[in-house]
Every structure is written in structure tokens, then in C-alpha cells.
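Protein chains in written order, with the working numbering: chain A, 3 to 67; chain B, 41 to 431.
Hint data in this document are derived by calculation from the structure and do not stem from the laboratory. Incorrect hints may have been included.
Said to hold, decoys possible - Straight-line C-alpha distance at most 20 Å; calculated SDA-like pairs for lysine to any residue: (1) LYS342/B with ALA21/A; (2) LYS171/B with ASP259/B; (3) LYS404/B with VAL65/A.
What the hints assert, rightly or not - Label-pair distances were calculated between CB atoms; the ranges are: (4) GLY152/B with ARG29/A: 42 to 52 Å; (5) PHE61/B with PRO23/A: 46 to 56 Å; (6) GLU66/A with PRO135/B: 46 to 56 Å.
Just so you know, even glycine gets a beta-carbon here, dropped at the ideal spot from N, CA and C.
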Amino acid sequence: MRVELDVPKCVASGQCVMAAPDVFDQRDDDGVAILLQEHPGEELLDDVREAVAVCPAAAIRLVER
Amino acid sequence: MVVGASAAGLAAAETLRREGFDGTLTLVGDEPHAPYDRPPLSKQVLSGEWTTRQLPLRPCADLDALGLDLRLGIAATGLDLADRTVRLADGSRLPYDGLIVTTGVRPRRLPGDGGAHVLRTLDDALALREKLTPGCRLVVVGAGFLGAEAAAVAWRLGVHVTLLEPAPVPLAHAVGTEVGRVLCQVHLDRGVELRTGVTVAEVTEEGVRLADGEVVEADEVLVAVGSLPGTEWLADSGLTVGDGLVCDEYCEAAPGVYAAGDVARWHNPLFGTSMRIEHRTNAAEQGMAAARNLLAAPDARKPFAPVPYFWSDQYDLRIQAYGCLRGHDEVTVVEGDLGERRFVAAYRTGERLTGVLAVGMPPKAVRAWRRAIAGGAAWREAVPAGGTEAA
Ligand SMILES: Cc1cc2nc3c(=O)[nH]c(=O)nc-3n(C[C@H](O)[C@H](O)[C@H](O)COP(=O)(O)OP(=O)(O)OC[C@H]3O[C@@H](n4cnc5c(N)ncnc54)[C@H](O)[C@@H]3O)c2cc1C
Ligand code: SF4
Numbered sequence: 003m004r005v006e007l008d009v010p011k012c013v014a015s016g017q018c019v020m021a022a023p024d025v026f027d028q029r030d031d032d033g034v035a036i037l038l039q040e041h042p043g044e045e046l047l048d049d050v051r052e053a054v055a056v057c058p059a060a061a062i063r064l065v066e067r
Numbered sequence: 041m042v043v044g045a046s047a048a049g050l051a052a053a054e055t056l057r058r059e060g061f062d063g064t065l066t067l068v069g070d071e072p073h074a075p076y077d078r079p080p081l082s083k084q085v086l087s088g089e090w091t092t093r094q095l096p097l098r099p100c101a102d103l104d105a106l107g108l109d110l111r112l113g114i115a116a117t118g119l120d121l122a123d124r125t126v127r128l129a130d131g132s133r134l135p136y137d138g139l140i141v142t143t144g145v146r147p148r149r150l151p152g153d154g155g156a157h158v159l160r161t162l163d164d165a166l167a168l169r170e171k172l173t174p175g176c177r178l179v180v181v182g183a184g185f186l187g188a189e190a191a192a193v194a195w196r197l198g199v200h201v202t203l204l205e206p207a208p209v210p211l212a213h214a215v216g217t218e219v220g221r222v223l224c225q226v227h228l229d230r231g232v233e234l235r236t237g238v239t240v241a242e243v244t245e246e247g248v249r250l251a252d253g254e255v256v257e258a259d260e261v262l263v264a265v266g267s268l269p270g271t272e273w274l275a276d277s278g279l280t281v282g283d284g285l286v287c288d289e290y291c292e293a294a295p296g297v298y299a300a301g302d303v304a305r306w307h308n309p310l311f312g313t314s315m316r317i318e319h320r321t322n323a324a325e326q327g328m329a330a331a332r333n334l335l336a337a338p339d340a341r342k343p344f345a346p347v348p349y350f351w352s353d354q355y356d357l358r359i360q361a362y363g364c365l366r367g368h369d370e371v372t373v374v375e376g377d378l379g380e381r382r383f384v385a386a387y388r389t390g391e392r393l394t395g396v397l398a399v400g401m402p403p404k405a406v407r408a409w410r411r412a413i414a415g416g417a418a419w420r421e422a423v424p425a426g427g428t429e430a431a
């Protein structure tokens, strides 16, 4: 699986970090999300899906393969 | 079936599929557009930074992959609970086994405001943007978050902005007087005119007429005085409507009928009270919760008990709030400093910490407060003595 983060859309809500802490973090200064791993393992699929769903800026996309 | 094709409706539809529902899934929406995001309308869309291409909630391919019976540009006009059918504006009746109501809210209006702007839909935002030319005079009625965001963008576009607000301090009922003052000072600093304690009686050709008869002239008027839940279509359905579609803690309004998002009034067990929340994150989270509960066996359903989250961007300020601020008994600044516009304010309701509002603070600091609220923290333990009380 591949995760895409549309950084300019991010509103720094931190929802993704709560849903998938192994895949996302936030910058300390402005809270904008950081993608920790672009190709997380399958065991993180549910977490990533949750992050996609709860992101209030529709900034995360999951490209499954 | 899901009625209302926006943040909550899409989240519900996606969750139904994710949880394995592979039957017919109809998504009905009265707007002609594919589901799009609203918060940017008063920010990047109004300012012209974004085109409408950045607005869809999902790329076409992802939407197609859901295999929806997508009915856009048509309103639901009625619901028959006994027959389990939804009536549409074209006279057709669609049967359902389960229904999720996500019809959001619509703007409240003022007498005579036919020619005035409101800001709820993409079409509203584009119509207003077109008029915001440098030097034009804009009156914004209502200095809540929406009015304040629009005023900030208009100011940046070189528009002469006047904000009119009935309360003595904007947002004070929600965030408290001191914090409300700090938030409105950012407008005054920029030369936006803010008149508080004024009630607008009607919108006129020249601008707006105040309750005392004074006319405030304007080229354009934006009415941002709150919203009404989209429940008209449910009026004779037998469902309980009272400032929103009334639901239990599972977001259920009647057997097989759930609601989510701005339209839903439900019992939030975390705060022990009924609430209706007009926040973007709640729309998605509640849409997901309603969908899961609809599919779950009766004893496997989960109460929906979130910590509400809200953000707002005004000029260079990002305001973030967790929990329930409205109806608080006390506000205390627990980190930073109000004057520097870098702070966390904590809100006490009864004996509990029920909310925090942060401006310009690092995300990790704010998340710690969220955890405290989620854990139902007692005020005396969560808030060390020595915070500065801010009425
Ligand atoms: C300009 C603007 C800025 C905002 N900024 C922020 C922000 O910064 N932070 C934040 O947290 N929140 C913000 N919000 C709030 C957030 O956008 C909403 O909470 C969210 O959109 C709610 O989603 P919803 O799906 O419940 O309702 P809506 O988005 O209102 O969607 C309801 C949909 O149902 C449709 N509908 C209504 N009645 C019918 C019917 N009878 N038949 C068929 N369809 C119907 C409506 O046309 C609409 O498309 C903002 C809102 C606006 C308008
Ligand atoms: S959930 Fe979305 S908006 Fe929030 S921090 Fe993550 S990417 Fe940004």
C-alpha cells in the first residue's frame, strides 16, 4: 500500500496522528502533518484507512495495490 | 440509503462499504456537485488561492470505487417510516432497509436579505468572491467564526469590512469574554471596523438597517447569523425534531434510522448531555459511527462519545478547540499568554475540565489536554492552581 499526503491541504488537526501514530506525525512549529512512511506494512492498513476517513481536510489518500 | 451528500454522508457511505456492506447503497444529495469540502470555502476559495479542483472530498476514482447509486441534484422531500421509503423531489419513492440522515444545516436569513450573500455552499462562495474587489464595502452581519473568517479574507483582498455583532463581545457565549476579546482584537488591529451591541433589523438596497433605524451602507452584505438544521423534509415523518434530528447515544433516531453531522442532535455520554455539533471532524466521525451502528447487531453497537474538535483560521491565527466550551462556568489560561496570542485556555463546567481552546501552541501540547478531556478529568486535578482566571 502507498499513502499520499497533500501537505498544502493539511489543517494541522492531528486526527491522523491519533488514528495511525506509526504512519503520521506533526511538525512542532505549525502542526502540519508529516508522513513517516510512504509504504506502511499491511498490518497498518486499518489505521491508515481510519486516518483517511477522519482527516478533516481530505488530505490523505490510500493507494492500495 | 444515505441522504445528504457531504462530509457526514460520504463518511457514512465509505464506512458502510469498508465494514462489508455490499448491497445497494444510494447516496442522495440536493447539490449538483460531487461531495466537496466546506471549510475552505471561507478560506482558500474565498481568497482565490484555491480553484474548485481542490475541493472534492475524494477523487472521482475513489468515489466510483464505492459502487454507489449516486443521486445528485435532487432533494429528499419526505420520509415514510412505516413503508421504509424516502420521497424525492421528482415524485419517486426509494425503499430502504437502513437510513442515515446527513442533511446538514442551512444558513439562517434576515428579513429583506434576498440580495445578500450567505456562505454555505460552493456556489455561495463563488458568488461572494466575485464581488470582493479592492475598495468595495462589505458589511458582515454576525461576528461568529464564519463571519470572522470571511472578514479576514475580505480584508486581505483590500475590501473595506464592517463587522456587525449583537453581543457586547463576539463569541463570548462560547469562548468567554477575555478570550473573545483577544480573538476580536485581531480584526481591530487591521482596521476592520467592528461594531458590537448592534442588532440588524433588515437588509436593504443601501446596506443594512439597524434596530434603532440607522442605516449602515454597503456594496455587499454577508449574512452569517448561524444556521438551521436541514430537517424540513422530516417534518411529517414522525421522527422527533428539535434543533436537529433527535437521536440516542448510538445516533439512532428510530429503528433503522440514524443521523450524523451538523443535522444530528444526539446524547453524548462523555459529557452526559445532548448536543448538536457543527464541526467538520464531527461530521466524519459521526458518519462513521452511525454507519457502524447501523450494521452492528443490537448488542454490539457503540455509543458515540467523542471529544469535539474545531479549528478556525483568521489572518495569521489558527484557533483550535477541543471539547465543549459553551455553557462553561470558568475559563483559565493554563499555558502561554493571552496578550501574545499564544495560549491554551481551559474551560470548567461543573467540577470537570470540559474544553480547551489553543492559539499558536505546538500540537503535542494541545493533544495532552485533549486526552485529559477524553478521560473525563476533574478540574482540580487537570488544572494546576496558579492559572490566570480569565472571566
Ligand atoms: C464556509 C464554512 C466554513 C467552515 N469552516 C469550518 C472550520 O474551519 N472548522 C470546522 O471544524 N468546521 C467548519 N465548518 C463546518 C463544517 O463544514 C461542517 O460541520 C460540515 O460540512 C458538516 O457536514 P455535514 O455533512 O454534516 O453537513 P453539510 O456539509 O451541511 O452537508 C449536508 C448536505 O445535505 C444536503 N441536503 C440538505 N437537505 C437535503 C435534502 N432534503 N435532500 C438531499 N440533500 C439535502 C445539503 O445540500 C448538503 O450538501 C465550516 C462550514 C462552512 C459552511
Ligand atoms: S488529519 Fe489531515 S488535516 Fe489533520 S493533521 Fe492529519 S493530514 Fe493534517
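Now for the hints, and whether the structure bears them out:
| no. | hint | verdict |
| --- | --- | --- |
| 1 | LYS342/B with ALA21/A | 18 Å, holds |
| 2 | LYS171/B with ASP259/B | 9 Å, holds |
| 3 | LYS404/B with VAL65/A | 28 Å, violated |
| 4 | GLY152/B with ARG29/A: 42 to 52 Å | 47 Å, holds |
| 5 | PHE61/B with PRO23/A: 46 to 56 Å | 28 Å, violated |
| 6 | GLU66/A with PRO135/B: 46 to 56 Å | 33 Å, violated |
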